[in-house]
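Peer 1: Residue strings, one per chain:
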Amino acid sequence: MTTAAPEPKLNMGPPAPRLDARLKVTGEARYAADFPVSNPAFAFLVLSPIAKGRIVGFDLNEARGVAGVLDILTHENTAIAVKPTKFFGAGGRASTSIRPLSSPQIWHDGQIIAVVVAETFEAAREAAYKVRARCQAEPASATFDSPGTATEAAADVSKEHKDPQVGDAAGAFASADVKIDAEYSTPTQHHNPIELFATTCVWSDDQLTIYEPSQFVHGLKYEIAEQFGIGPSRVHVKSPYVGGAFGSKGSITPRTALVAIAAKRVNRPVKLVMTRDQGFTVTTYRAETRHRIRLGASREGKISAYIHEGWEVTSRPDAYLVGGTKNSTHLYGFGNVASRVFIVRADRNTPGFMRSPPEVPYLFALESAMDELAVKLNMDPIELRRVNDTMNEPIGGKPYTSRSLMACFDDGAKAFGWAQRSAAPKSMADGDWLIGYGCATTCYPSQMAPAAARVRLQRDGRVRVEIAGHEIGNGAYTVIGQAAAEKLGVPVDKVSVRIGDSDLPPAPVAGGSNSTASTCSAVMMVCDQIRQRLFKALMPQESMVDKAKETVGLGQTPVTEAAKSDRPLDRDKAFDALGVAVVEEYGEWKPDGAPTDSFRAMHEGKVRIVGGPEMKDWIAYAFGAEFVEVRINRWTHEIRVPRLLGAFAAGHIMNPRTARSQLMGGLIWGMSSALHEATELDGRYARYVNDNLADYLVPVNADVPSVEVIMLAEQDDHINPAGVKGLGELGNVGTNAAVCNAIFHATGRRLRKLPVRLEQLEI
Amino acid sequence: MRPFQHVRVDSAQAAVQAAAGARASSALQSPTQFLAGGTTLIDLMKLDVMRPQMLIDINALEGTRLGLIEADGSGLRLGALVRMADAAEHPAIRLDYPVIAQSLKFAASQQLRNMASLGGNVLQRTRCTYFRDVTYGACNKRNPGSGCAAMDGFNRPHAVLGASENCIATYPGDFAQALIALDASVDINGSRGRRTVPFATLHRQPANTPDLETTLAPGDIIMSFSVPARAWTRRSLYLKIRDRSSYEFALASAAVALDLQAGKVRDVSIALGGVATVPWRAREAEAVLKGKELDHGVLKAAAHAAFAGARTQEHNAFKVVLGKQTLIRALNEAAAMEI
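Residue numbers (numbering that gives the first Met the number 0), protein chains in the order written: chain A, 0 to 762; chain B, 0 to 338.
Please keep in mind that the hints were generated in silico from the structure rather than gathered at the bench. Don't be surprised by glycine CBs; every beta carbon is placed ideally from N, CA and C. Just to be clear, a hint being listed does not mean it is correct.
[Said to hold, decoys possible] Distance windows between CB atoms, simulated:
#, chain 1, residue 1, chain 2, residue 2, range
1, B, Asp-294, A, Ala-701, 29 to 35 Å
2, A, Asn-38, B, Val-320, 56 to 62 Å
3, A, Lys-85, B, Gln-52, 45 to 51 Å
4, A, Thr-389, B, Val-320, 44 to 50 Å
[Said to hold, decoys possible] Capping the alpha-carbon separation at 30 Å, the derived lysine-lysine pairs in DSSO-like fashion look like this:
#, chain 1, residue 1, chain 2, residue 2
5, B, Lys-45, A, Lys-23
6, A, Lys-301, A, Lys-263
7, A, Lys-263, B, Lys-45
8, B, Lys-299, A, Lys-425
[To be verified] Every beta carbon over 12 Å from chain A, so not counted as near; a handful from chain B, in silico:
#, residue
9, Leu-67
10, Pro-90
11, Ser-244
12, Ala-261
13, Leu-321
From just these sequences and the hints, can you work out the full model?
Peer 2: Now the structure itself:
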């Protein structure tokens, strides 16, 4: 075992190497833009230079004069082909309801206003620079405090949104011994996956094939079928590998339909690879947020009041909302709770999911406030969390399916050396470097969604699993393969896994950290169907079948229970008894509490996610504790993070290797969300300024000398058959607060506005 | 990207001849550009900021003296086609001219340093995002007379020294600070023949002509840099301050070279980066330090002198404080060097 392949603890699977590792490191894994198509034309987008207004006209002569230009799509010649879509936040699948090229209207900076198609990428790009659009600009509202924005209560714009509350928070706050009342803010951030946003569309006899990196191949298929008014069987989406997504490739952007329209017009395949800067406005992002938090507590640290108000920027037409109070209000045993969320509409592209969408901003605010409260109480911040730890959530009193928060803090603190921390701010240094230790809680709702799978077992032990899951770097191929291998008693290298293709049985969007829980539960259930057939063939007597049922279960038995009473199955004898060489089963799985229309929705490219705070009798979260050491130069104030450490518990860990990788990436991103990542806005024009990877900072190796991931053994018998609580988005929550808490410890300066830049520190 | 002609040459003379026909008001406006590592030029061509019609590829000259590093008792000579990585790792440069090695090592990424040439590096163009994005109409550097979008825009990365009302774009490089601090000279070849000029005269402050960045004429090619051996070169360093640890341009940097005798400054040289429109020699600060002991009061006075002429904008005022602190820290660290 190595650091990268941690020794499995109780209730963890083996740290199997990634099934696709070799393909990826040798460049053989095909990403969307890698697929060769016959005689492709190349598209290049022309984007709006203004954030609000109208296109008065185009001058396309110079652009058309570029050798190799085949077509230029604008609203003047394409509007009729562009159909309205429904924003995903309003029950649809689209990243925005804004339909570029459907009208001369401009809603945001960098909106698509034309598509140039040419024989080569270079010619398309040259012609794109030569497209002259005459625009009539109107004053645009950039963000909070800009003139012309509109603020609305989230509860007024979304039926689903609730503002959790219990008791009399205002009264409890007023009478509390110790109070915190503070405001926090988080910046605009963009996903910036290394794989650029690409789409290739190929029409063949009214059959459309789309190569596009996708977190939801079935959603993309049904969305495009609806937009073109054609049967879903005529749309095929291929996305076997995704080079990073983080939420940016889940909802359907307007580009896909435009490329399909272009391919139809030029009657040949059209390939689009957007540039890095175009990704900033054609896809989605994490919008900036603001928070006011009031915490009231007794002198012993018992919290009696938690009041959280949040404000989130969204686009003019679409009410994108993260509403993180639905999670933060369930985190501790707060006595009384009140919360409210508002959206602020500005002239911006519509925001969207970005890794831990609600938790990153809302837990930054809460976990910073918790640290402020600990300081005010003169209490160790871990002890403050212990005093307020609970096994029943504070709003409805429901029990957690499992909760190991304080065990995470205890194991993490020990490994980090928290005991060496001297509590007073500015009390630790190494030469010219001030040292600070900080910590914070992370949590992420454990969610699942219906999924279908087809599994085939051959007599020689080879297995094929088919499920339209998504390999976004998470290790989906590997853990799905492991789930089948474990259930069918074969080595994992005998399992071939097919995912990322809309012709496969539907799986949910790879979002909300539901993938492993959903896909593995479905695959395990279908494997149980196969086992059921084999057992029946071997043990035809009634009593033995009952025994087999008892042993194998029908998909609702947690894997650990099944494993405990498992027995070897003689495969050869079973196949002899059945008289066949191959057994294949298809099945559809849905989690407890999924709505009755779940399967129908699944077959229409829609998702019914359940879990987290929404369960009937339980509440389900994965938890963790994160620790950060910062060093700040006394003279020049640059902030460095020599150590990051996280201790996490997330039920059954399918594969400690891929899980560690996810959590490590999360910790790094969480640090980055405090110190590096911010999309700067030019408020005069409502335009992004630093839309490239030189100026939009993400961490480099030198920024993360040491990242340690500890996974605790935890068993959850209530969550789902796989016993899995998703952890893909657990690692990067709370880290930003832990960084700021460490900066306070190092310097005595409390920073409540992200990102932290060195000029904010006056030491 | 616009079509262009690509011409390979195998001698400096051929390069000069190939470029001789081009007519332009300045080297930057010339339709003919030299291609070495291409790490700036090709980027700017993709962005439609630079639109040359012909690239004269001089990489084959790497086998000539343009690819050589030569060090002897009189000083250091660096061929213009030496790659940044090779100079940064050269043992004699690391030992005798640490400020040069560090200014190169702390720039860009290993991949870029493997590609980029020293001659191209000193001509690297600003990272001002309003300059690099052609959809912003106002950029005096790109479109003379059009205005400056950065002046009232997001200008945290912008310059506080050497700026004018027409342009506040920061000179982005690091290596040039080391050259200007060490009194380097630059050897130039062109249609007007060969000449050697002080490196300090290569770059032009924006003033009323931000589009003219250097004193190079169209067709001029940098052949080499020469750094004289001096008492201060061994006690020299480059301190670069930025938001992340690597692969980022400086918010503030200082190249310092110190000649200390009996605790007093016999001679000192200071250049500042990240804060100025051109490689910036801080002679006022040097004057404060000469003949003094480096106590904190003297250091503060020197730093104050270095930034006395600073002009700040909405988001970059911190660079005055940061620049001063960077200089003080660099001088302290240089004084503490064991040589």
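Peer 1: Would you mind marking each hint as holding or not holding in the structure?
Peer 2: Okay, the hints, checked on the actual structure:
no. : hint                                 : in the structure
1   : B:Asp-294 with A:Ala-701: 29 to 35 Å : holds, 33 Å
2   : A:Asn-38 with B:Val-320: 56 to 62 Å  : holds, 60 Å
3   : A:Lys-85 with B:Gln-52: 45 to 51 Å   : holds, 49 Å
4   : A:Thr-389 with B:Val-320: 44 to 50 Å : holds, 46 Å
5   : B:Lys-45 with A:Lys-23               : holds, 29 Å
6   : A:Lys-301 with A:Lys-263             : violated, 65 Å
7   : A:Lys-263 with B:Lys-45              : holds, 28 Å
8   : B:Lys-299 with A:Lys-425             : holds, 24 Å
9   : Leu-67                               : holds, 31 Å
10  : Pro-90                               : holds, 23 Å
11  : Ser-244                              : violated, 4 Å
12  : Ala-261                              : holds, 26 Å
13  : Leu-321                              : violated, 6 Å
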